[in-house]
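These protein sequences, in sequence, are chains A and B.
Under the working numbering, the first residue of the first sequence is numbered 1242, with each subsequent residue one higher.
Under the working numbering, the first residue of the second sequence is numbered 1242, with each subsequent residue one higher.
Don't take every hint at face value.
Just so you know, same-sequence chains aren't split out, so a pair can sit in one copy or run between any two.
[Said to hold, decoys possible] Under the rule of at most 16 Å between Cα atoms (straight-line distance), these lysine to aspartate or glutamate pairs were calculated in the EDC-like manner: (1) Lys1397 <-> Glu1584; (2) Lys1574 <-> Asp1404; (3) Lys1471 <-> Glu1562; (4) Lys1574 <-> Glu1584; (5) Lys1307 <-> Asp1445; (6) Lys1307 <-> Asp1297; (7) Lys1399 <-> Glu1562; (8) Lys1471 <-> Asp1567; (9) Lys1399 <-> Asp1409; (10) Lys1307 <-> Glu1584.
No lab work stands behind these hints: they were computed from the structure.
There are 2 protein chains.
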Amino acid sequence: MRLSMTRRQAVIAISGAAASTFLDPIVALAEPDPLPSWTAGPAKQAILDFVRVTTDPSSPRYVAPKDRLATFDQDGTTWVEHPLYTELVFALDRVVELAPQHPAWKTTEPFKFVLAGDKAAMAKFTMKDLEAIVAVTHSGMPVGAFQAAAREWIAKAKNPRWDRPYTDLLYQPMLEVMRYLRANGYQTYIVTGGGQDFVRAYADRVYGVPTEEVIGSAEDTQFEYSENGKATLIKAPKLLLNNNMSGKPEDIYLFTGLQPQAAFGNSTGDRQMLEYTGSGGGARLMMLVLHDDSIREYAYGPAQGLPDTKIGTFTQALYDEARSKDWIVISMKNDWKRIFTFER
Amino acid sequence: MRLSMTRRQAVIAISGAAASTFLDPIVALAEPDPLPSWTAGPAKQAILDFVRVTTDPSSPRYVAPKDRLATFDQDGTTWVEHPLYTELVFALDRVVELAPQHPAWKTTEPFKFVLAGDKAAMAKFTMKDLEAIVAVTHSGMPVGAFQAAAREWIAKAKNPRWDRPYTDLLYQPMLEVMRYLRANGYQTYIVTGGGQDFVRAYADRVYGVPTEEVIGSAEDTQFEYSENGKATLIKAPKLLLNNNMSGKPEDIYLFTGLQPQAAFGNSTGDRQMLEYTGSGGGARLMMLVLHDDSIREYAYGPAQGLPDTKIGTFTQALYDEARSKDWIVISMKNDWKRIFTFER
């Protein structure tokens, strides 16, 4: 009793070359390489092989269109996360913006350091300080008001090192992978430890990923009636989903009911997502981005003797697990010809 | 920086008549009526008008494809819920099946009544009894094992009144609405108070709704390693999402980031979903199924003097709210020419 095709099935059904032409102008250009920013090598080849064996109906590892799911961590995997997660920059800016409504912040830690622009004190912020800042700047307002604030900020804020909007700091090679997978019938979900509502403010525009394909850490919402009796959802200061570590596979299952065929990450927060992906049968693709390019981006680990930093930790244990399980470690320095879309 | 079309945009982009032909064989038949099981009248007209004004680009109430979301309650809205929710029948059958692993159940309430087939005692089960039965039958196993059990049960279990599989007891008029909305670029989500994992076992096959477009009440899952070190998700006996009443709009927002343009329900459990849908601007469609056909299906309310029953309560207060807010109340008796697909 198949009633009608889902969108996913519709896309798949537009068969072969026609589908590529229709769905993805890049693929249809004279240059047939779907991953032009990738250096020829094992990482690039693994992606091409994975798509081939999972989409060729004659392949023993063919995957039915309805099961084609690829999940992408965001910070450090699809865009820059150093020296500070973009969403934390947003939260700090929002403290300044909301300060007039909270006079007590002037004399309360950690807010007073933010308002004073005390960079030395801010550099010493603990996770608890940062969580307090995220909580107050991400709750207490209708969901629509938060969405508007996030959209407004991301449209105008600039990353100081590159003097460009943060959304210019997406990794072009990963955008090519997402596009390539979508052109081959995969859903490409963002699965981020960052705030779901924040990422949804720009995911459609910059990644081509609609809001319903973004899974992130999420505050609870509270259904309420406004003064005029209108139904409203208010963001509550209570974390409902902590979408990091084990939370990633748990939330992927909660949202989709599926086990990904491919997963991309860059830190210990992505370990369980890759393990869960790899525990399925057939062809699976697990990839980790190693930040080893101090010139074009940043270098941090501490795997492989790279500097140890607080943000985006890639331990040697994770590196060893990747090697032992045939996960692919992507060297930004060697595997990526180009890092950002704006280069050249 | 639009990278590539999403599936949703792709479907919309296959323009006009070609899209209908491609997406939905029914629409392309000689009979142009997309809702043949509906009697001509205000309910049918409201659906046709809603689709027209929200998809005609020249309409002032045009809705962008990415925002086209319609949400459907399941029990009592898209299939039969009397005399007992289908999932509860499944849970009771599962008590019998799992009993050998739980010898204590033979002497423990409420399980012993189920094992003894004591219908008089079972008819007196409280919500707490039923919750205990759902908890033990829906947790403690890997998610894949539960999915398999649900798929197996739904494939062979039969509804005693009609002597047919439960999935034959879908309302044909509502299937036509879902199909018609999808053919016009709407996502049609199931938003049920029932268990998300249970409904996902058959939603794709019977509704044409993929697992990721089913939102339901959900147990938490626990990421674990099996004895051979394989990553596994275990269903935990803890309710994470209670997708009923206020939980419906909260979870729709959590899963999609969107406010529905249309919502369909049949009971007080759907009230907040319809209120939230109606609080948006532009064209919105809110509909409630009234079970007033004791011959072809069941009659219950207690709205409009219909019998008051425990399952699927449609109060007079909800009826009055519907009238005052221009929600459409669907009379099964008068608005539906045909109730089930198998009729005639």
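So, going through the hints one by one against the coordinates:
Within a single copy, Lys1397 and Glu1584 get their C-alpha atoms no closer than 21 Å, and across copies no closer than 59 Å, so neither meets the 16 Å cut-off. For the homomeric pair Lys1574 and Asp1404, neither the shortest alpha-carbon distance inside one copy (22 Å) nor that between copies (65 Å) is at most 16 Å. In the homo-oligomer, the alpha carbons of Lys1471 and Glu1562 lie at most 16 Å apart only across protomers (13 Å), although the nearest pairing inside one protomer, at 52 Å, exceeds that limit. Taking CA atoms no more than 16 Å apart as the test, Lys1574 paired with Glu1584 passes inside one copy only; the shortest distance there is 15 Å, against 65 Å between copies.
Taking identical chains as interchangeable, the C-alpha atoms of Lys1307 and Asp1445 lie at most 16 Å apart only when they sit on different chains, with a minimum of 9 Å there against 21 Å within one chain. Taking identical chains as interchangeable, the C-alpha atoms of Lys1307 and Asp1297 lie at most 16 Å apart only when both belong to the same chain, with a minimum of 15 Å there against 30 Å between chains. Proximity of Lys1399 and Glu1562 under a CA criterion of 16 Å is satisfied in neither setting, with 36 Å inside one chain copy and 48 Å between copies. Proximity of Lys1471 to Asp1567 under the C-alpha cut-off of 16 Å is restricted to the inter-copy arrangement: shortest distance 15 Å between copies versus 54 Å within a copy.
Taking the closest pair of Cα atoms, Lys1399 and Asp1409 come within 16 Å of each other only inside a single copy of the chain (9 Å); across copies the shortest separation is 56 Å, beyond that limit. Proximity of Lys1307 to Glu1584 under the C-alpha cut-off of 16 Å is found in neither arrangement, the shortest distances being 36 Å within a copy and 31 Å between copies.
Violation of the numbered hints given earlier is confined to hints 1, 2, 7, 10; the remaining hints are satisfied by the structure.
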